[in-house]
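Enquirer: Given the coordinates of chain Y, work out where chains H and A should sit on it, guided by the hints.
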Amino acid sequence: MSLYLRQIGAIVRKDLLLELRSRERMTSMAAFAVLAGVLFSFSIDTATVRPQDVAAGLVWMTLVFGGLLGVGRTFHLEAQDGAFQGVLTSPAPKDAVFLAKTFANFVMLYLVSLLVLAVFALFFGLDVGQNLRWVVFVLGLGSLGFVALGTLFAAVATGTSMGETLLPVLVFPLLVPMVVYGVGSTDRLIAGRPLAEVEGNIRMLGAFALAAVAAGAALFRFVVED
Amino acid sequence: MRAIKILSTLGVVLLALSALSAVGLAQEMENLPQASDLARQSLRPYWHVFAAYTIAIVLIGGWAVSIARRLRAVEERLLD
Amino acid sequence: MLTLLGLAGLIFLFYLSFFWVSTEIRQGIAQRIFYVHVPAAWTAFLAFGISALCSGVYLWLRDDRLDRAAMAAAEGGLVFATIMLTTGPLWGKIAWGTYWTWEPRLTLTLLLWFIYLGYFMVRSSTEDPEKGKRFAAVVAIVGALDIPFIHLSVIWFRSLHPEPVVVKPEGPSLPGDMLTTLFTGLAVFTVLFLGLFLFRYALEGLRAEADLRARRSAA
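Residue numbers (this note's numbering), protein chains in the order written: chain Y, 1 to 226; chain H, 1001 to 1080; chain A, 2001 to 2219.
Read the hints as simulated data drawn from the structure, not as lab findings. Hints should not be assumed to be uniformly reliable.
[Said to hold, decoys possible] Ranges of calculated distance between the beta carbons of each label pair, as one might list FRET restraints:
1. VAL49(Y) with ALA1073(H): 53 to 63 Å
2. ALA1051(H) with ALA118(Y): 30 to 40 Å
3. ALA2187(A) with SER2(Y): 55 to 65 Å
4. THR2098(A) with GLN130(Y): 53 to 63 Å
5. VAL2057(A) with ARG6(Y): 32 to 42 Å
6. ILE2155(A) with THR46(Y): 30 to 40 Å
7. LEU35(Y) with TRP2102(A): 26 to 36 Å
[Stated by the list, open to error] 20 Å max Cα-Cα, derived EDC-like pairs, lysine to aspartate or glutamate:
8. LYS2131(A) with GLU19(Y)
9. LYS2131(A) with ASP95(Y)
10. LYS2131(A) with ASP2063(A)
For clarity, every value in this text was computed on a predicted model and none was experimentally measured. Built from N, CA and C at the ideal position, the CB exists for glycine as well.
For reference, chain Y alone in the conformation it holds in the complex (with noise of 0.2 Å):
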């Protein structure tokens, strides 16, 4: 058991290393979550509609379309330059390769919802200082669901022709539980409703992360054999 940690390990800090030198992919996560808030913003007629009411919707489709361009990339730069046929033939078995880059990338997201989350706070004027535990965790659950299915699908779409753009068709359908559930619990927890209310929808939410994580685990491997 020691030895798989260590193999996630070193997978993971090979990853994030990768990232922390090149900073292709945070920075342009990074750029689109504050440029969408700037977007977002003046999308909404302040006239008509309260920013707060529909701030928690945007945080989340802002989380997910940003996702999307980071997690995408996940095996792109491995596949351009043949790095990923060794990651693939070391002794490390598939799970663990998936469990590792599932885990990086929700490393990377996670900072990235946060800053998205600081982004919207900022722009719309939201108040999340009272329950801002409960709602880091609600994103915290949310990055870790759509990881797991971006990461899993990433692996599909680059051994594809069509490559990326495939990607939004395969994950959007499969994303439907944890929008649902992540916008409903995020949107009363930023205004200020007591955490019982949500209670529900946040264990759905770990339940649909979980059994992401848990199935793409056991499916990867039959993505990347040859």
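Expert: Positioned in the frame of chain Y, the structure of chains H and A alone reads:
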């Protein structure tokens, strides 16, 4: 080859059936009260029923025809 | 093969005659859409179920026949889901006063439709057919796993935003003749699907054989 013929007939007959259902609906419409406004309102359901059945029949028929065409192409390849 | 054709033809006659019987029933005209809508929905779910099942077993046993069956069923499911998705709103406009509502079953079918659209896009955009088969199977399985979540969430979503205009006349138990028509519709659609499904399956087998021969003669 026989399979192709039967599939295409199935498709064509299904398409013909959609025309037939139009005739049937037209007949039904004659039984309607002819008060102009009322008639137009109550015509709408008929129109929708007709559209629904046509869509169903055309789609299934279209699927049958497309399978038949692809079958023919493959059989030609096999004969070469 | 021929027997199936006969069966399909025979059932087809039934189809014709029974629909003419059903048109005689005079109780809410729009309600007749029901007789294509419900069977189409049932058939679509059956087809997608077969497809997901075959995909799952394919990844396990790696038998090409299973993959062909999964694809043939998925294509049929797409056809019948399209029928369901187009006839549903036509009925809804009259019964509910609006073409589209986020009614749970309608939403689920729409998402399934897109999942299987992805299934075919993945298939057609991979150069290596073996890879395409595996990818498509993964899509089908994840889609099937996601269905319970989607279903629960759209029900939950609806309860949060109840549609104000929608009064859903969930008809009481159907009179006998309507029930007969409905069940005939169900049987006819199922048999039609199975018949066409077998053709589609055979087509894929022939295609594989043609490919094999072409490769052999090239070698």
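Enquirer: Quick check on a hinted range of 32 to 42 Å for VAL2057(A) and ARG6(Y), using CB atoms only.
Expert: Hint holds: Cβ distance 35 Å, inside 32 to 42 Å.
Enquirer: Between LEU35(Y) and TRP2102(A), is the Cβ distance one that fits in 26 to 36 Å?
Expert: holds (30 Å)
Enquirer: Between the beta carbons of ILE2155(A) and THR46(Y), is the distance compatible with 30 to 40 Å?
Expert: The hint (30 to 40 Å, Cβ to Cβ) holds, given that ILE2155(A) and THR46(Y) are roughly 33 Å apart.
Enquirer: If you check the beta carbons of THR2098(A) and GLN130(Y), does the distance land in 53 to 63 Å?
Expert: violated (38 Å)
Enquirer: Between the beta carbons of ALA2187(A) and SER2(Y), is the distance compatible with 55 to 65 Å?
Expert: Once the Cβ atoms are compared, 59 Å apart, the range 55 to 65 Å for SER2(Y) and ALA2187(A) holds.
Enquirer: Can you confirm whether the C-alpha distance between LYS2131(A) and GLU19(Y) stays at or below 20 Å?
Expert: At roughly 29 Å apart (the allowed maximum being 20 Å), GLU19(Y) and LYS2131(A) break the hint.
Enquirer: Has the hinted range 53 to 63 Å been met by the Cβ atoms of VAL49(Y) and ALA1073(H)?
Expert: holds (55 Å)
Enquirer: Please test the hint of 30 to 40 Å on the beta carbon pair from ALA1051(H) and ALA118(Y).
Expert: Since ALA1051(H) and ALA118(Y) have Cβ atoms about 51 Å apart, the given range 30 to 40 Å is violated.
Enquirer: For the pair supplied as a hint, LYS2131(A) and ASP2063(A), confirm whether the alpha-carbon distance does not exceed 20 Å.
Expert: Measuring from Cα to Cα gives roughly 14 Å; hence the hint holds.
Enquirer: For the pair we were handed, LYS2131(A) and ASP95(Y), check the Cα-Cα distance against 20 Å.
Expert: holds (18 Å)
When held up to the earlier numbered hints, the structure conflicts with 2, 4, 8 and fits the remainder.
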